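> Listed below, chain by chain, are the residues.
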Amino acid sequence: MSSRDRSSVIGFFNEHFGLEERALTAALDTTLARQVDYADLFFEHTSEDAVVLEEGIVKSGDRHIEQGVGVRAVARERQGYAHSDEITVESLQGAAQTARAISQESGGVRALSATSGGSPDRDLYPVEQPPTEASVERKVALLGEIDSYARSLDSRVTQVMASCVTQYRQVMMVGSDGTLASDVRPLVRLNLQVIAEKPDGSRREVGSQGMGGRYDFDTLSQPEGWKKLVGEAVRIATLNLEAQPCPAGSMSVILGPGWPGILLHEAIGHGLEGDFNRKKTSAFSGRLGERVASEGVTVVDDGTLPARRGSINVDDEGTPSQRTVLIEDGILCGYLQDRLNADLMGMPRTGNGRRESYAHLPMPRMTNTFMLAGQESPEDVLRSVDQGIYAVSFGGGQVDITSGKFVFSANEAYRIENGRLGAPLVGATLIGNGPDVLTRVSRIGSDLELDPGVGTCGKDGQSVPVGVGLPTLRLDGLTVGGTQG
Amino acid sequence: MTALSGREVVAHALDAARLAGADAADAVLIEGDSTEVRVRGDAIDFVKQARGRTLGIRSLLAGKEGRSSAIASTSDLAAEAVERMARESVAVARATAPDPAAGLPEGGFAEDWEKLDLGLAHPEDRGVHVESRIQDAMDAESAARRMDDRIDNSEGSQASSGHSRITYGNSLGFLGGYESDSHSLFSEPVAHDDAGMQRDYWMTLGHSLAELENPAEVGRRAAERCLRRLGARPIPTCEVPVIFDPVTAPSLLRQLAGCVSGYAVYRKSSFLSESLGEPIASPLLTAVDDARRPGGLGSRPFDGEGQVTRRNVILEEGQLQSWLLDTYSARKLGLASTGNAIRSAGSPPSVGPSNLWFEPGKASLEEIISETPRGLLVTELIGMGFNPVTGDYSRGAAGLWIEGGEIQHPVEEITIAANFGDMLRDVDAVGSDLLWLGRVASPSLRVSRMTVAGAG
Chain A
-18 MSSRDRSSVI GFFNEHFGLE ERALTAALDT TLARQVDYAD LFFEHTSEDA VVLEEGIVKS
42 GDRHIEQGVG VRAVARERQG YAHSDEITVE SLQGAAQTAR AISQESGGVR ALSATSGGSP
102 DRDLYPVEQP PTEASVERKV ALLGEIDSYA RSLDSRVTQV MASCVTQYRQ VMMVGSDGTL
162 ASDVRPLVRL NLQVIAEKPD GSRREVGSQG MGGRYDFDTL SQPEGWKKLV GEAVRIATLN
222 LEAQPCPAGS MSVILGPGWP GILLHEAIGH GLEGDFNRKK TSAFSGRLGE RVASEGVTVV
282 DDGTLPARRG SINVDDEGTP SQRTVLIEDG ILCGYLQDRL NADLMGMPRT GNGRRESYAH
342 LPMPRMTNTF MLAGQESPED VLRSVDQGIY AVSFGGGQVD ITSGKFVFSA NEAYRIENGR
402 LGAPLVGATL IGNGPDVLTR VSRIGSDLEL DPGVGTCGKD GQSVPVGVGL PTLRLDGLTV
462 GGTQG
Chain B
172 MTALSGREVV AHALDAARLA GADAADAVLI EGDSTEVRVR GDAIDFVKQA RGRTLGIRSL
232 LAGKEGRSSA IASTSDLAAE AVERMARESV AVARATAPDP AAGLPEGGFA EDWEKLDLGL
292 AHPEDRGVHV ESRIQDAMDA ESAARRMDDR IDNSEGSQAS SGHSRITYGN SLGFLGGYES
352 DSHSLFSEPV AHDDAGMQRD YWMTLGHSLA ELENPAEVGR RAAERCLRRL GARPIPTCEV
412 PVIFDPVTAP SLLRQLAGCV SGYAVYRKSS FLSESLGEPI ASPLLTAVDD ARRPGGLGSR
472 PFDGEGQVTR RNVILEEGQL QSWLLDTYSA RKLGLASTGN AIRSAGSPPS VGPSNLWFEP
532 GKASLEEIIS ETPRGLLVTE LIGMGFNPVT GDYSRGAAGL WIEGGEIQHP VEEITIAANF
592 GDMLRDVDAV GSDLLWLGRV ASPSLRVSRM TVAGAG
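Line order of the protein sequences matches chains A and B. Mapping to the numbering used here: the first sequence position 96 is 77, numbers consecutive. Mapping to the numbering used here: the second sequence position 9 is 180, numbers consecutive.
Keep in mind the hints are simulated off the structure, nothing from the lab. Quick caveat: nothing in here was measured; it's all calculated off a predicted structure. Take the hints with a grain of salt, since some may be wrong.
Below, a list of computed lysine-lysine pairs in the DSSO-like style, where the Cα atoms sit at most 27 Å apart [claimed, not checked]:
no., chain 1, residue 1, chain 2, residue 2
1, A, K209, B, K439
2, B, K235, A, K179
3, A, K209, A, K179
4, B, K235, B, K503
5, A, K261, A, K440
6, B, K503, B, K439
7, A, K179, B, K439
8, B, K286, A, K208
9, A, K179, A, K208
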């Protein structure tokens, strides 16, 4: 983010809420007690709007303003947190007194004056116009075009539900060590669900797609982008009208490029978050330097990709985002850290301290997590399997960090017979064990793709936008949960 | 800080919407404060105190072909901010399409809400000290660790206490509010042995502290569930009866609730959308939604549109008796609201269960297990493998393998799959152990046949 923008965010909070630097330092001083190591303030102002279409019309729209401040005191692994949706000097002082309650004594260190900018001199997602300021009429018109286009593609389409959500979030982080950072985060998203029905009414299926990122509404409304999205949703819904029940059991699985990278997010990423590893409750605890994946497998988390949904200029503690190598050529080499866990583990901060809003404590979270491309053509990877399944698109997934077991569900999958794509399948669920699933990788395609910008990760009740990516990948001996034994 | 009461804020919002040009409006104000603590081992992990208020205003504009509507919400309750948001809601509403089914309810507003005592508010517990809740979490944590040497770690034990106030009003003259207190305690220990590491949890929740289970009991039950998972392994793919315990069975009822929601029905995005009045489930299954269950976690004197709440039988001995409806979805289907509108400040009304449960049967879980020659008891489900349009169901599971009517060993890294419609029909045992761990509750259920997939 440019220094001009940074000072404008700081100016924004000063102007709207009368928060001069003296008030900030005073709040930090109140928070800092003798047994408090660190204190910080997190200010947020978010505007968001959404329009939703169904049955061919936009029936409703909504618009929201959310603002507030969170005050945190940290003493070793203990954290005190108080937040308020009123941003005033009084509420700040009140919250500061509450946050320091984790410490028994008062008085001691004083806050450094907030001057040092932790923010890097870059903006990964500059926009000419905040997406929330594009007119609601344009958003309504876009959904109308999407609806007509979807219905024009296939007469079996019976329902189209589409939504357009835009968000503009301004945040400011002030720390007792002198940290002063800010970020301006635009976010847009189109979601589409199409229901197709056989002409005789005997079967209905659904196709869902989405796209988005940190860019403006003009970019989102470009027809080449959304037409592809609509085409995919209609294709999946109509394809699934002919889909067969999925086989069950252990088999070879080929994952298509892009969104199937959710495998990395569930199976690997969560288990490498610093908090679980500091507490030693992750199946990956204490395994740095060990082989956890086949040769050739390199996995990174990168918060610095321009305009991506999972990207951030700085994390929600003011640490600049970065590219962190988690697995290099099969060897586990890094964790994702926020400030507290990095400091307690004596490891570097990685810019992964994120939170849903001012009402939440930061935690180590992923940004954009993906596997680097290999050498093989995707066609060769597919041809290499005699019997198995090919999974291209997924719904959601979940992991048990402690046992390492993960699961995720395909919404577009095919049987593979003798190296060729066979019938489409419904209800394919993949399950596996995080610490060993990547040792089952036998072929890596050259076609790395990132997802279209739809990922949301939930942890401990907090949701944050994330991205994933994957090249075409062959895994052997994965358990597929279908109904056909 | 505003000096206005919740009802004054809502009344002001309705006036502001009218002044901004709305022909009809409603507004909801949600106010809450809470304290949350987490302890790991004998140390505090965090103490968190929160307070928040959000106001949502829905403006409706009348036209020849119906009403158009939009919502604006804000946490800034200053008079001018409320007026600005009211204008925003009208401006957005002008851009949306008229809809004949949109609009406020025509009648049916709750009249008895003021004298009704559903056991939601417990002012006597509002002064509870944070130290006392920290102690509860510590007691749960230490009880879990005392159970067994193999419990040597945890994700922590968490206690929370909160108080909220909901105020709803509309331009037809309804203006009501109610308060609700909530307290909970949750414990998640980690056990480990040579075979690996396992976690599990137990929890208790209620509107008053007196309704909570003893903290030591919470820790002990969490530890028990966790310990019995040690040594879990996959099993080979097979087709067997599957028993859901009262922790996992409510997920089936939540799925059913989604499939009988009026919105899924009129959109035909539910596999049950043409099945009203038909037998869709085993005669052993009766499902009831009752927003006036005393002390219920989902109880409310009126719903998100001010409608009187009531008891609705959704499923009676396997026959589908009623959808869950708000005003909009009811109009779309030519029916009347069932009082199941739920409302957040920032969204239009939608449909959700209040207190929803499967009526218990006679057998204990132990008896059901002993009558299962070979099968699986599911104690945890992960993943989102359910498609309400088709009923396709396939989820990750962990549990206990049953052979000869007895539990043999823990199982993990498996999936269970079937069609949800078949699962409902194939329920052949219902336990007596109905347990409230949320708004949706179920006793143990046995499904006579599912595909269990594993690598074993």
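> Confirm or reject each hint.
Evaluated hints:
1. A:K209 / B:K439: Holds, at about 25 Å.
2. B:K235 / A:K179: violated, 35 Å
3. A:K209 / A:K179: It holds: about 23 Å lies between the C-alpha atoms, which stays within 27 Å.
4. B:K235 / B:K503: holds, 18 Å
5. A:K261 / A:K440: holds, 17 Å
6. B:K503 / B:K439: Cα-Cα ~12 Å, so holds.
7. A:K179 / B:K439: Since the Cα atoms of K179 of chain A and K439 of chain B sit roughly 13 Å apart, the hinted pair holds (cutoff 27 Å).
8. B:K286 / A:K208: violated, 56 Å
9. A:K179 / A:K208: holds, 23 Å
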